[in-house]
Each structure stands twice: as structure tokens, then as C-alpha cells.
Amino acid sequence: MAYRRSASRTRNNLSLVTFVKCGHHKIIFPGDMETEGWRRLLQNPEFVHELNGVNLFVASHHGRENGYCEEVLDLCPNIRGVHHFRQEERASNAGDSGPLSPICEWLSLRPGYPQSSDYAPRLIDAIPAAAVRNRCGLPRLGRGVNRAFDFYEYAGVIVPGAVFTLGLLWLLPDSRALFSKEGVTFGELGLFIIIAYAAGQFIQGIGNWIEWLWWKPWGGYPSRRVLAGHLISADQHERVIEALRRDAKVRTDVTTCALPECLAIVREVYSVVAAAGKAGRVDIFNGNYGLSRGLAASLLVLLLAAIVLIKGLYVIGALVALLFLALQRMHRFGTHYALELFIQYVLVSAKPAEQ
Amino acid sequence: MFLARAGIHRLDRLLVTNYDEDHVSGYPDLFGNIMIDVLVRNPSVMPGTIRFLKTEDGMGNGIDLLVRSIESFFTGGAPPAIDDFGDTSFSHYWNSYGLPPFGFTDEKQFEPRYFR
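Chains A and B, in that order, give the protein sequences.
Each residue of the first sequence is one higher than the one before, counting from 352 in the working numbering.
Each residue of the second sequence is one higher than the one before, counting from 39 in the working numbering.
The hints are all genuine.
Computed footprint of chain B on chain A, listed as stretches where at least three residues anywhere in the stretch have a Cβ under 8 Å from a Cβ of chain B:
1. 362-369
2. 385-392
Cβ pair distances, simulated, as ranges:
3. A:Asn403 / B:Met97: 32 to 40 Å
4. A:Leu426 / B:Ala44: 31 to 39 Å
5. A:Arg683 / B:Gly124: 43 to 51 Å
6. A:Asp425 / B:Ala44: 34 to 42 Å
7. B:Thr113 / A:Leu393: 27 to 35 Å
8. B:Arg89 / A:Leu426: 31 to 39 Å
9. A:Trp560 / B:Gly124: 39 to 47 Å
10. A:Ala672 / B:Ile72: 52 to 60 Å
FYI, nobody ran anything at the bench for these hints, they're computed from the structure.
All C-beta atoms, glycine included, are put in the ideal place defined by N, C-alpha and C.
Next comes chain A alone, as it looks inside the complex:
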């Protein structure tokens, strides 16, 4: 019997004591270390130094009396929580019948420390949410690095970029070697999205020139045309002008103002609508307008490439037809965007007067 107790004690005192440090959190896992083993470890200055900063203490030997060592706890001034693994094991020990484990009693006697009722029953609850969110162990990525794309970026940048990239792969068979023939792997998909995103940005640059050219014969951008009194009824136009004079204190004649001034007014109008939470449909029209403009730009570049590479008449004809369709959609969504924006603006700015 004496051997058995001794062997068990020896095994426990040979426990591995692990410190896990994650951000501002430091957790100690002492296994089943008993008092005698703790005291031996305290002879190591490095171990003593390591105890400083522990804020979550996993009770040794399931919180049993023989796993308790006051000298160790005295060296941990920053404890904010205690966890017991399988506390029922402690209860089964005849020597420990008190309601609190010794470590909890020690903490309860110290003002400013968490009281026994605060002790998290599960370790995961004791670890602050931030540490879990950061997924201890994974390198942190900056928010900007790992953020999700929004609707406009998907519709207006990635999709036209992907169409352009795929079109180029189709027109230039040699470039297909970039991607494996047997399906697309996850890594290649990621690479493709990056290339599509980069290509999409350039494509939208071309798209800006296209829209500048496109709207010229129609009398300028749709929002400018709305301001000039086109596309909407005379009554609506009157209300728009009135709202702009009242809220935005616009003094110039919006029907004839210069383009930069006109764009500044449109931006102001959008921010009023967005602040009122009414920009949902406006954003959808804007995203679709960006998509159509990007598609028109990709198709235009592909059309030029097809002409340079002397592709067949069918290919060129198909690209011309698709380009025309994309321009038609762009025109439609551009008009919808301007109408929706100003109608919402009139409604939003009319509300305070009604109340």
C-alpha cells in the first residue's frame, strides 16, 4: 500500500506543466502535479518567472488538496479564472469533502479576485471571447487582408475580370497551361480570383472611358439629366430642386451646373439616402450598372483582341452582339440608378415636413 501511494505520487509529480500564451492570455496546465512537485519546480527561477502573468489557472489534480500549493498561487497575482477538469474526480476523494477546492478557497479570501461563483465551469468559457475569435494558434491576419468582397466588388470587378480572363484564355490557347487540364484545384481557384480581381480593376478603368463616351450623345450622365429635368415628371423635378435648396442649401442652378459640381451634389444626395437606410435598391442598381459597364469593357477589349488575332467572323459577330447587349443593360441600370436615387431623396427629405 505504501508503495502504491508512493508510485502514484511519483507519477503525479512527474506531470508535464505547460504554459500556453495567446495574446494577453496565459494559461497554466499543471496536470496532476502535487505539492511536493510544485515545490521542486519553484527551485527553478525560470519557472518562477513564467508564473508571473498567468491569468487562467487550471487546478492541479482536478482541484484536490494534494495538488494545491499556496506558494505557487502567491506568485500568480493576475489570476482571473480557475478551471477544474472533471471536478467529480475531486469529489470522489475521501480527503476532500468541502464544497470548494482549496484553490477556490484561496481565491475567495482575496479581495479583488473573482469569487467562486464566477469560476467558469468549462475552460472554453473562461478563455475570453477575443482569444477564441483569434483562433489561438493561427497567425492573425489584418482585417483588410481577409475581408469579404461586397456586392459591388463581386458584380462590378470580379465578374468582368473573370469574363475577361476566361475570354483571353479562350483566345490565346497557349495561356491555358497556367491552369491544369484536369479540373481546377482550390489553389488555382484562389489564383484565378486574384487575377480576375486585378484584371477587373483595369477593365473598370476602360469602363470609365466607355461610359463617358456612351452618355455623351444622350445628354450626359443620367443623374445629371435628372437634375436637368429629364427622365422625371415636372412635378418630381420641382420637388427635387426644392429639397436640394432646403436641405443641401444648393444655391446654384442645378439644371445647368458644371459636371464636377453636379457629381458633388449627387454624392451628397446619396449620403442622405444612405443615412436614412433607403439605399438598398440604389446600391443594387449601382452594382448591376458596374457589372454591365465592366462586361462591356471586357467584351470591347476581347473584340479588339479577336480582330487583331484575325478570328472568324462568327467570333467577332458574337462579341459585337454581346457588347451591344452589355451596353444596353448598362444604359438601363444607369437610368434606374439615377431615378431611384432622386425619388428616394425626395421621399426621405419630405418626411420631416410631414411629421
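Once you have looked at the hints, place chain B on chain A.
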């Protein structure tokens, strides 16, 4: 198998805090289903010593497989080349084993040792 259901099929490190059955009862399940890269344990305790210390209590399935895998699988060797866990770090301390029946005799600490 909790980890496999959660989509985890490989562990970078498995820490064995002590050589008691209640701490390693899940080891056979883990060893059979998950790839364990490195076993971290008190390296001063030889497999034979664990058997010796378990003479009276008897060896449970977990401890038995752990001892056998220490003998044949996690036999030591060069520490892992990549030891980067981002903003999380680990440090280990232990008492070294002396000759029974005197129990542990040497409190000297070593650098953490890994067994692959």
C-alpha cells in the same frame, strides 16, 4: 470521434500531462484516427519506468498503448523544423525522474523535448 467529426485529422502537437489512465483513456481512439505529428511529454520518464510505476495499479488500455507507441513510434529525434503557432506560444516544465522508491530526485529542467 469528436475531432474527426470537426474536420480535424491531424494534430501538430499532442501533450500528455501525466501517465495516468484518466488522462490518456482516449489515446487509443486518437492514435487510431488522427495523425499526430509530435508527442510532448515528460522526457525523463522511460517507457519501462511507466510500466514499473504502474505495477500495482495495472496498465489501462490508454497507458498501455501510450507506452508502446513511445517505444516504437515517438522515439525521439530532431525537433520539428517549424515551430510557429502565430501569436500562441508554449513552454513546458517538469520534474525529472530518479530511481524508485525514492521518487523524483532531480529538479533540473531541460529544454522542451519532442518525440516524433
